[in-house]
Amino acid sequence: NAGVTQTPKFRVLKTGQSMTLLCAQDMNHEYMYWYRQDPGMGLRLIHYSVGEGTTAKGEVPDGYNVSRLKKQNFLLGLESAAPSQTSVYFCASGGPNNEQFFGPGTRLTVL
Amino acid sequence: LAKTTQPISMDSYEGQEVNITCSHNNIATNDYITWYQQFPSQGPRFIIQGYKTKVTNEVASLFIPADRKSSTLSLPRVSLSDTAVYYCLVGDMANTGFQKLVFGTGTRLLVSP
Numbered sequence: 001n002a003g004v005t006q007t008p009k010f011r012v013l014k015t016g017q018s019m020t021l022l023c024a025q026d027m028n029h030e031y032m033y034w035y036r037q038d039p040g041m042g043l044r045l046i047h048y049s050v051g052e053g054t055t056a057k058g059e060v061p062d063g064y065n066v067s068r069l070k071k072q073n074f075l076l077g078l079e080s081a082a083p084s085q086t087s088v089y090f091c092a093s094g095g096p097n098n099e100q101f102f103g104p105g106t107r108l109t110v111l
Numbered sequence: 001l002a003k004t005t006q007p008i009s010m011d012s013y014e015g016q017e018v019n020i021t022c023s024h025n026n027i028a029t030n031d032y033i034t035w036y037q038q039f040p041s042q043g044p045r046f047i048i049q050g051y052k053t054k055v056t057n058e059v060a061s062l063f064i065p066a067d068r069k070s071s072t073l074s075l076p077r078v079s080l081s082d083t084a085v086y087y088c089l090v091g092d093m094a095n096t097g098f099q100k101l102v103f104g105t106g107t108r109l110l111v112s113p
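For the record, the sequence lines run as chains C and H. Residue numbers for the first sequence follow the numbering used here, so the first one is 1 and each next one is one higher. Residue numbers for the second sequence follow the numbering used here, so the first one is 1 and each next one is one higher.
Check each hint, because a few of them may be wrong.
Unchecked claim - Stretch by stretch, here's where chain H covers chain C in the computed footprint (C-beta under 8 Å, at least three residues):
hint	stretch
1	42-51
2	103-109
What the hints assert, rightly or not - Listed below are the simulated SDA-like cross-link pairs for lysine to any residue, each with C-alpha atoms no more than 20 Å apart in a straight line:
hint	chain 1	residue 1	chain 2	residue 2
3	C	K9	H	K52
4	H	K54	C	E59
5	H	K54	H	T83
6	C	K57	H	G104
7	H	K54	H	F39
8	H	K3	C	K71
9	H	K3	C	R44
10	H	K3	C	D26
11	C	K9	H	P40
12	C	K57	H	D92
13	H	K3	C	G40
14	C	K9	H	S23
15	H	K3	C	Q37
16	H	K52	H	F39
17	H	K3	C	T54
18	H	K54	H	L80
19	H	K54	H	A28
20	C	K57	C	G40
21	C	K9	C	E30
22	C	K9	C	L22
23	H	K52	H	R77
24	C	K9	H	Y32
25	H	K52	C	M41
26	C	K57	H	S41
27	H	K3	C	L69
28	H	K3	H	S23
29	C	K9	H	T21
30	C	K57	C	L22
31	H	K3	C	K9
32	C	K71	C	A56
33	H	K3	C	V60
Calculated directly from the structure, the hints in this document are not laboratory data. Keep in mind that this is a model prediction, so the values were computed, not measured. Virtual Cβ for every residue (Gly too), placed ideally from N, Cα, C.
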């Protein structure tokens, strides 16, 4: 039981490049979330999903897109990366008992 | 979503009890109070959740007064490994269990020998 895993762990992009972050969970959770965390700050919700095939915007959705084609996977895409998107990205999943389980994070730098 | 206010940092020594208080004056009827712990370079980890009165688990206790406008996370006999950032969050738990969490800047706890 791996919990929540994220791929990749680190990535460096140039401005304008695109990439996809993959989140996978093996706990059969309905709800999945993408957050970003900037240095010294709390986490901010980017997008979330309440079930397979559904997505919704969170607090800071601009510049990101998501997809939930399979229940266990939640993808976060950056179509045209900007330096302001330099951050640590955390994925989380949550079940009916309201506890969210977080992945180890992806450290993204946009030059 | 209710806003929370908690101290930026706290210092303690090993073996002491630590109490971190969080203010949430605008908490709504359906809101639950949840605390997470985050170590450097790791994702947050759920500690405890409650709605009112007192909740206790194997790692912490959560005290919530009757008006629910504040809550206190109590960590008994802290050790060096409890050095982390602690987040107090308030979220709507109505019906589905889905929760949009709003993280503040948290409380940075430093435990010294």
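Checklist entry - Are there hints from earlier that the structure breaks, and if so, what are their numbers? => result 3, 4, 5, 7, 8, 10, 14, 16, 17, 18, 20, 21, 23, 24, 25, 26, 27, 29 and 31
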